[in-house]
Amino acid sequence: MENKSIAAVLKKNAMLIVLVLVYLFFLILTKGGIFSPSSFTELINQNAYVYILGAGMLMCMLTGGNIDLSCGAFVCLLGAFGGVFMVVQGISTGLSILLLLLIGIGYGVILGFLIAYVHIPPWIATLAGYLAFRGLGTAILSSNSMTGSLSLATKPDFLGIFYGRILPTEKGVFNWPCFLFGLLAAAIVVLVVFMTRKNRLAKGYEADTVKAAAIKSGIGGAVIILVMTQLALDGGIPITLLWVAGIILIYSFITSKTTVGRHFYVVGGNMEAARLSGVNTRRIMFLAYLNMAVLTSIATFTVIARSQSAYADVGKNFEMDAISACVVGGVSASGGAGTVLGMVIGATLIGVINLGMSLISLDANYQRVVKGFVLLAAVVFDIVSKKRGK
Amino acid sequence: MAKILLEMKNITKTFPGVKALDNVNLQVEEGEIHALVGENGAGKSTLMNVLSGIYPYGTYEGDIIYNGQVCKFSNIKDSEKLGIVIIHQELALVPEMTIGENMYLGNERGHSFAINWNQTYAEADKYLKMVGLEESSKIQVKTIGTGKQQLVEIAKALAKKAKLLILDEPTSSLNEEDSRALLDLMLSFKKQGMTMIIISHKLNEVSYVADKITVIRDGSTIETIDNQGKEPVSEERIIKGMVGREITNRFPKRENVKIGPVRMEVDHWTVHHPLYPERKVVDDVSMYVRQGEVVGIYGLMGAGRTELAMSIFGQSYGVNFSGELKLDGKHIKLRKSEADAIKHKIAYVTEDRKGNGLVLSQSIKVNTSLANLGAISKNTVIDGDKEYAVAEEYRDKLKIKTPSVEQLVGNLSGGNQQKVLLAKWMFAEPDILLLDEPTRGIDVGAKYEIYCIINDLAAAGKCVVLISSELPEVLGMSDRIYIMNEAKIIGEMKASEATQENIMAAILRSGRGA
Chain A
164 MENKSIAAVL KKNAMLIVLV LVYLFFLILT KGGIFSPSSF TELINQNAYV
214 YILGAGMLMC MLTGGNIDLS CGAFVCLLGA FGGVFMVVQG ISTGLSILLL
264 LLIGIGYGVI LGFLIAYVHI PPWIATLAGY LAFRGLGTAI LSSNSMTGSL
314 SLATKPDFLG IFYGRILPTE KGVFNWPCFL FGLLAAAIVV LVVFMTRKNR
364 LAKGYEADTV KAAAIKSGIG GAVIILVMTQ LALDGGIPIT LLWVAGIILI
414 YSFITSKTTV GRHFYVVGGN MEAARLSGVN TRRIMFLAYL NMAVLTSIAT
464 FTVIARSQSA YADVGKNFEM DAISACVVGG VSASGGAGTV LGMVIGATLI
514 GVINLGMSLI SLDANYQRVV KGFVLLAAVV FDIVSKKRGK
Chain B
30 MAKILLEMKN ITKTFPGVKA LDNVNLQVEE GEIHALVGEN GAGKSTLMNV
80 LSGIYPYGTY EGDIIYNGQV CKFSNIKDSE KLGIVIIHQE LALVPEMTIG
130 ENMYLGNERG HSFAINWNQT YAEADKYLKM VGLEESSKIQ VKTIGTGKQQ
180 LVEIAKALAK KAKLLILDEP TSSLNEEDSR ALLDLMLSFK KQGMTMIIIS
230 HKLNEVSYVA DKITVIRDGS TIETIDNQGK EPVSEERIIK GMVGREITNR
280 FPKRENVKIG PVRMEVDHWT VHHPLYPERK VVDDVSMYVR QGEVVGIYGL
330 MGAGRTELAM SIFGQSYGVN FSGELKLDGK HIKLRKSEAD AIKHKIAYVT
380 EDRKGNGLVL SQSIKVNTSL ANLGAISKNT VIDGDKEYAV AEEYRDKLKI
430 KTPSVEQLVG NLSGGNQQKV LLAKWMFAEP DILLLDEPTR GIDVGAKYEI
480 YCIINDLAAA GKCVVLISSE LPEVLGMSDR IYIMNEAKII GEMKASEATQ
530 ENIMAAILRS GRGA
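If you're matching them up, the sequences are chains A and B in order. Under this note's numbering, the first residue of the first sequence carries the number 164, and numbering increases by one thereafter. Under this note's numbering, the first residue of the second sequence carries the number 30, and numbering increases by one thereafter.
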C-alpha cells in the first residue's frame, strides 16, 4: 500500500521529477555554476516572459487546444510603439503604459471577436498577426531610428517598474528584506497547507495525512527559502519576480477556484455540453484571446525593460516558448486539461535547460537541437507514464 | 442437424483486474442467425473481439474452432481471410470518400502499386445491389443517410467474401423503418446460406430475426434459447436470462400521482432548420405540461422531437422561431440563450450524452455542478467543499456506481453516465425537465432505475416531458402522450387509452394524409 501510494505520487509529479533530475545533471556539468546566486536572478529575468505568456497561452489551450501564434510578433509591434511613445514623442511613462495597454486590449477585442463570434479558426486568425506585426513593428522602428532600434536607457522610471531589484544591495552584501520576504512566503505556504487540511477535516472530508502535509509544505517552503537566500546573495528580489509571481498566483486562483475558470475547462472538454449547460461558450473564447493580448502587453514591458530597448528581433519565437512551456507542463493539446502549476514547471524546465546549456557554452545551433529533443522526450515521457496509470 | 460452423470453447479473457470472459461457450450452426444478448459490460463485444482476432491468440484461453479447424488468429486480417467479418457498432466509413473507396479501404483492387478504379467501382456496384442500394458507388458517403451507410458497411463486408458476418448493434442508430429493412435483408442473406451473429439490445428485433439466442451475463454464457418454434420467444423470457431474475414489471408503479395546474405551454411553435431555413423542423406545434405530470412524446427518428425540445430550451436548435412559450400562464419573452432557459427552470437532458451532454474528460463532480455553478459559489469563487458534498449527495441519491466522485465520467458505463447527466440537471433544480431518450443504449437494470428517478421527479411536482422512440417505454411511463410525425403533433392520447396499435395507426394515417 505504502509503495503504491509512493508510485502514484511519483507519477503525478513526473515532470517535477524530470525538472529536478535535469537540474542535478547541469549542476554536475557546470560544477555548481547553475546554483550560483546570479544564475537564479538570470533564470527569473530571462524567462519572465515565458511564465507570463504561458499563463495566457494556457487559457487559450484550455478552450480546445487553441493557440496564439501572434504574441511574439505583437511584442515587437507593441515594443516599437512603446519606443516611439516614450523616446520619440516623449510621452510620460504612465501615459505610455496606459496607451500601450489600450492598444493591447484593442487587439485582444478584435482578435477575440474574430475568433469567438466570426468563428475564424484561432491559428489562422493569429497567423495574420504573426505575419503582419513584426513587419509593422520593424517599419515603425526603422522610420524612427537609423539603427532600427530605440534605446530606453533614458527612461529609468519605466525600467524601474519592470526591471531591476527591490531595495537592492551591493553584490556580496546579504539582502535581508529579500530573505525575510522568503521566510514570510514559506510561512504562508505552510499555513495554507495546514489550514486547508484542518478545514477539510472539520467538514469531514478526505484530507492529507499530517505526514503528507508536512512533506508538501516542507518541500515547498524549503525551495522558496533556498531561492530567496540565493537571490538575497545576488542583490535582492528581481522586480520581474513580483510580476511573474503575481500573475501565477492570480491565474492559479482563476483556473482552480472560480466559475469562469471552470468554464474554460468544460468548453475545452466538450463545447456543446458546455453550451447546453448554460455556459456562454463564445464569451469564454473571447475572454481567452482578450486575456492573451493583455498578458502579451505585460510581457512586452518586462522584455523591453530588460533589454532597455525596442528592436526588430524582440519577441522572436516567444509564441513557441509559451506553447512549449504549456505542452511540457502537461497542458492537453486538445484542450480541457492542464494547470498553471504544470505550465510553471514546464517553463522552468525549459529555462533551466537554456541556462545550463549557455553556462557550458554549448554552440547555439546544438542548443536548439537539444531543446527540440527535450520537448519531444518530455511529452513522450508524460504520455507514456499516464498510460501506464490506466 | 446442420453442420457446426463455429465453436468457441471455454473462452476466458482477463484484463488486468477483471475477468471479462469466464469459460464462455458458443456454438453457431452454418446458415443460422445467432443472437448474442446481455447487459452492457456482460462481455458480448469482448467475445467478438476475441473471435475476430482483435485480441490475438495467446491473450485469451480456450479454443476457436471454425470449420472444424482450431484457429489461431493474430490479427483481424487473419480472421477476415477465413471469411469472418465484423461490422462494428460505430460506423467506420470516411465521410469524404466515395462509397467504392470506402468499401475497398485496406482491401484495394488492382496490383500493389496502383489501384484499379474501374474494377473497384464495378465490383462495389455489384455488392451494393446485393444489399438493395440503388446508389452509385462513386458518390461520397456523407451524401447518404445513416441507414444507407449501414448497408454500405454490409456491402463492404460482403466484398471481403464474408461467410460469417458479425453485426454489433447494427440498428442502434437507425429509425424503425430502416431497422426493419436491415433485418429483412439479414433474413434474405440467411436464405442464401450466410451465417450471421447479431449483437443487439433491441429484444424485439432479436426475437424477430434470430434462430438461436445466447445470453451472456457477467462474462459467462447463461443459456442458449431456441427461437425456431412457431411463437417467437417473448422479450420477458430473454430479459429473465439477462438479468438473472424475472422482471415482472419493466416499469415501476407511479405512486401518489398528483397532477396540478398547467405549468408550461407552447402555442403554434414553429422552428426552421439551421442550414436549410426554408425547411420546418417543428411545424405549428401546440402542447402543454401540467405539474406532476409525465408527458410522453412518441415519434420515429427524425419526427422533430429533439428539435422541439431543444428549441424550447433557450432556442438551442434551429432558426426563425415563431410561436409562444408560456410558463405558469405568463408569456415568456424568447431569447436565444441556454442560460436564460435554465433561469426559467427549464432543463433539457440530451439524447446524446457523450456528444453534447457530458464532459467526459472531467470528473463526476465537475459534471454534476456544471449547470448550476452559481449555487455552489460566492462571487464567482467556487466552494470546493460544497461542490464535493453536492456530488456525493447526488451519487447516493441516483445510485451512481463509482468509487469516488472525482472519477472521470469517461470511465463510467453508459447507465452511470446517464445518471450523472440526470444528476446535473436535477441539481439545476428545474421545474420542467425535457428528457430526450433518457434510456438509450443502457441495460435493463439501469433503465429501471432511471424510470424510478423519473417517477420520483413527477411525484415531487416537476413536469416531465419524456421523449422516446421506444413505444413500450412511452406507454409504460406517461400520463399523457403526444404523437409526433414529420415535424407536427398529429395526436394526443391519455395513457389509459393509448395502445401500440392506435399510436402506430395514427402515424400511418398522418403519413397518408400528407
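A few of these clues could be false.
Stated by the list, open to error - SDA-like cross-link-like pairs, simulated, lysine to any residue; straight-line CA separation at most 25 Å:
id	chain 1	residue 1	chain 2	residue 2
1	A	Lys361	B	Asn408
2	B	Lys383	A	Gly367
3	A	Lys175	B	Leu441
4	B	Lys362	A	Ser415
5	A	Lys361	B	Glu422
6	B	Lys517	B	Met330
7	B	Lys220	B	Ile251
8	A	Lys420	B	Ser392
9	B	Lys415	A	Val353
10	B	Lys407	A	Gly367
Claimed, not checked - Beta-carbon label-pair distances, calculated as ranges:
id	chain 1	residue 1	chain 2	residue 2	range
11	A	Asp320	B	Ser433	47 to 57 Å
12	A	Leu192	B	Gly403	45 to 55 Å
13	B	Asn104	A	Phe544	21 to 31 Å
14	B	Thr409	A	Leu389	27 to 37 Å
15	B	Asp425	A	Gly381	34 to 44 Å
16	A	Ala540	B	Asn104	46 to 56 Å
17	B	Thr409	A	Lys366	51 to 61 Å
In case anyone wonders, no lab produced these hints; they're calculated from the structure. Positions of the beta carbon are idealized from the N, C-alpha and C atoms, including for glycine.
Against the structure, the hints:
Between Lys361 of chain A and Asn408 of chain B the CA atoms are separated by roughly 24 Å; this keeps the pair inside 25 Å, and the hint holds. Distance restraint check for Lys383 of chain B and Gly367 of chain A: the Cα-Cα separation of roughly 33 Å exceeds the 25 Å cut-off, and the hinted pair is therefore not satisfied. The suggested pairing of Lys175 of chain A with Leu441 of chain B holds, with an alpha-carbon distance near 22 Å, which does not exceed 25 Å. The suggested pairing of Lys362 of chain B with Ser415 of chain A is violated, with an alpha-carbon distance near 39 Å, which exceeds 25 Å.
Between Lys361 of chain A and Glu422 of chain B the CA atoms are separated by roughly 22 Å; this keeps the pair inside 25 Å, and the hint holds. Under the criterion of a C-alpha separation no larger than 25 Å, the hint pairing Lys517 of chain B with Met330 of chain B is consistent with the structure, at around 13 Å. For the proposed pair Lys220 of chain B and Ile251 of chain B, the alpha carbon gap of about 29 Å is over 25 Å, so the pair is violated. Pair hint Lys420 of chain A plus Ser392 of chain B holds up; C-alpha atoms about 15 Å apart against a cutoff of 25 Å.
As the CA atoms of Lys415 of chain B and Val353 of chain A are separated by approximately 24 Å, the hinted pair is consistent with the 25 Å bound. Our distance criterion of 25 Å between C-alpha atoms is met by Lys407 of chain B and Gly367 of chain A, whose separation comes to about 21 Å. Asp320 of chain A and Ser433 of chain B have their C-beta atoms about 54 Å apart, which keeps the hinted 47 to 57 Å range intact. Between Leu192 of chain A and Gly403 of chain B the beta carbon distance is about 54 Å. The supplied range of 45 to 55 Å therefore holds.
Checked against the hint of 21 to 31 Å, the pair Asn104 of chain B and Phe544 of chain A passes, with Cβ atoms roughly 29 Å apart. A C-beta distance of roughly 36 Å is found between Thr409 of chain B and Leu389 of chain A, which places it inside the suggested range of 27 to 37 Å. Evaluation of the 34 to 44 Å hint for Asp425 of chain B and Gly381 of chain A yields a pass: the beta carbon distance comes to about 37 Å. Look at Ala540 of chain A against Asn104 of chain B: about 31 Å separates their beta carbons, and that is not inside 46 to 56 Å.
About 21 Å separates the C-beta atoms of Thr409 of chain B and Lys366 of chain A, a value inconsistent with the hinted range of 51 to 61 Å.
Hints 2, 4, 7, 16, 17, counting from the list given before, are not met by this structure.
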